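Each residue of the sequence shown is one higher than the one before, counting from 1 in this note's numbering.
No lab work stands behind these hints, which were simulated from the structure alone.
Model, not experiment: these values are computed from the prediction.
Where is the CB? At the ideal position from N, CA and C, for every residue including glycine.
Hints may be right or wrong, so weigh each one.
Quick list of simulated restraints, FRET-style, between CB atoms [as the list claims (entries may be wrong)]:
| # | residue 1 | residue 2 | range |
| --- | --- | --- | --- |
| 1 | Gly-112 | Ile-166 | 11 to 21 Å |
| 2 | Met-98 | Leu-164 | 19 to 29 Å |
| 3 | Glu-97 | Thr-5 | 10 to 20 Å |
| 4 | Gly-121 | Arg-22 | 39 to 49 Å |
| 5 | Lys-31 | Ser-130 | 20 to 30 Å |
| 6 | Arg-134 | Lys-32 | 13 to 23 Å |
| 7 | Asp-162 | Gly-121 | 18 to 28 Å |
| 8 | Ser-153 | Lys-34 | 29 to 39 Å |
Cut-off 27 Å, straight-line C-alpha distance, at most; resulting in silico cross-link-like pairs (BS3-like, lysine-lysine) [to be verified]:
| # | residue 1 | residue 2 |
| --- | --- | --- |
| 9 | Lys-12 | Lys-73 |
| 10 | Lys-7 | Lys-73 |
| 11 | Lys-68 | Lys-7 |
| 12 | Lys-73 | Lys-167 |
| 13 | Lys-101 | Lys-118 |
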Amino acid sequence: MEEITLKVRVRKEGEKKAKDVREIPAVVYGKKIKSTSLFVSLSELNRVFDKVGESTIISLEIENDKGKSTVYKTLIYDYQTEAIGNEFSHVDFFNVEMNEKIDTNVELEFIGESPAVKEFGGIFVKGLDSIEIRCLPADLPGKIDIDIAMIDSFDKRIYVKDILQIKGVEVLTDENIVVASVAAPRTKEDVDSLNEQVDSDISQVEGLEEVDEKDSGKKEGGKKE
Numbered sequence: 001m002e003e004i005t006l007k008v009r010v011r012k013e014g015e016k017k018a019k020d021v022r023e024i025p026a027v028v029y030g031k032k033i034k035s036t037s038l039f040v041s042l043s044e045l046n047r048v049f050d051k052v053g054e055s056t057i058i059s060l061e062i063e064n065d066k067g068k069s070t071v072y073k074t075l076i077y078d079y080q081t082e083a084i085g086n087e088f089s090h091v092d093f094f095n096v097e098m099n100e101k102i103d104t105n106v107e108l109e110f111i112g113e114s115p116a117v118k119e120f121g122g123i124f125v126k127g128l129d130s131i132e133i134r135c136l137p138a139d140l141p142g143k144i145d146i147d148i149a150m151i152d153s154f155d156k157r158i159y160v161k162d163i164l165q166i167k168g169v170e171v172l173t174d175e176n177i178v179v180a181s182v183a184a185p186r187t188k189e190d191v192d193s194l195n196e197q198v199d200s201d202i203s204q205v206e207g208l209e210e211v212d213e214k215d216s217g218k219k220e221g222g223k224k225e
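Full structure from sequences and hints, please.
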């Protein structure tokens with residue numbers, strides 16, 4: 001397993017804002033360690049996150065004010081982003097024990113090309129973005145590939161139970177949940193029927209508005225009397 005290192009620094013008591021505008025607040029906590037407030041470089045965090053995501057062990061190197069460093073094996077447990085720009089605004093790191101199994105979610109990556117899409121014009125439908133697993137931190141996969149080439153008809157589906165077994169990894173998500181499928185394309189009749197339904201709904205709304213206006217006029221007339 002490739003070792004991913006991220007350097008951070010301790011947030012001193014009373015230090016509410018970072019010295020560098022490119023730093024954001026963070027925290028690390030977990031078994032056998034004291035919760036510690038941190039600051040982390042936004043660019044370094046983006047680099048690591050783009051490379052490994054949320055489900056890879058990160059060696060968090062924490063530098064204190066005396067220039068000494070402590071390293072924890074962590075996962076990105078949670079994070080917040082800005083409403084505009086979607087940049088990270090805060091990150092939670094969870095310290096793990098390498099000899100204890102953990103429960104976490106792993107991202108699914110869909111690869112290949114479905115014949116039902118390519119040849120029959122179907123619409124790919126993703127049922128899950130991730131699945132929950134249990135394993136030792138050293139066995140934690142960064143992602144799980146799902147080859148959709150096996151979906152060769154609109155009746156074919158990929159279920160959680162169809163995911164290839166990974167050594168040392170136990171899947172906790174219900175095996176009968178659909179991971180991926182391909183829906184048949186809409187026919188002209190389907191589209192026409194949908195348009196008719198929309199037109200009907202609009203006309204009903206317009207009719208209600210006319211009734212409301214009449215009722216409103218009556219009420220206002222009553223008030224004037």
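Taking each numbered hint in turn, which are not upheld by the structure, reported in ascending numerical order? As far as the earlier hints go, 8, 13 are violated by this structure, in ascending order.
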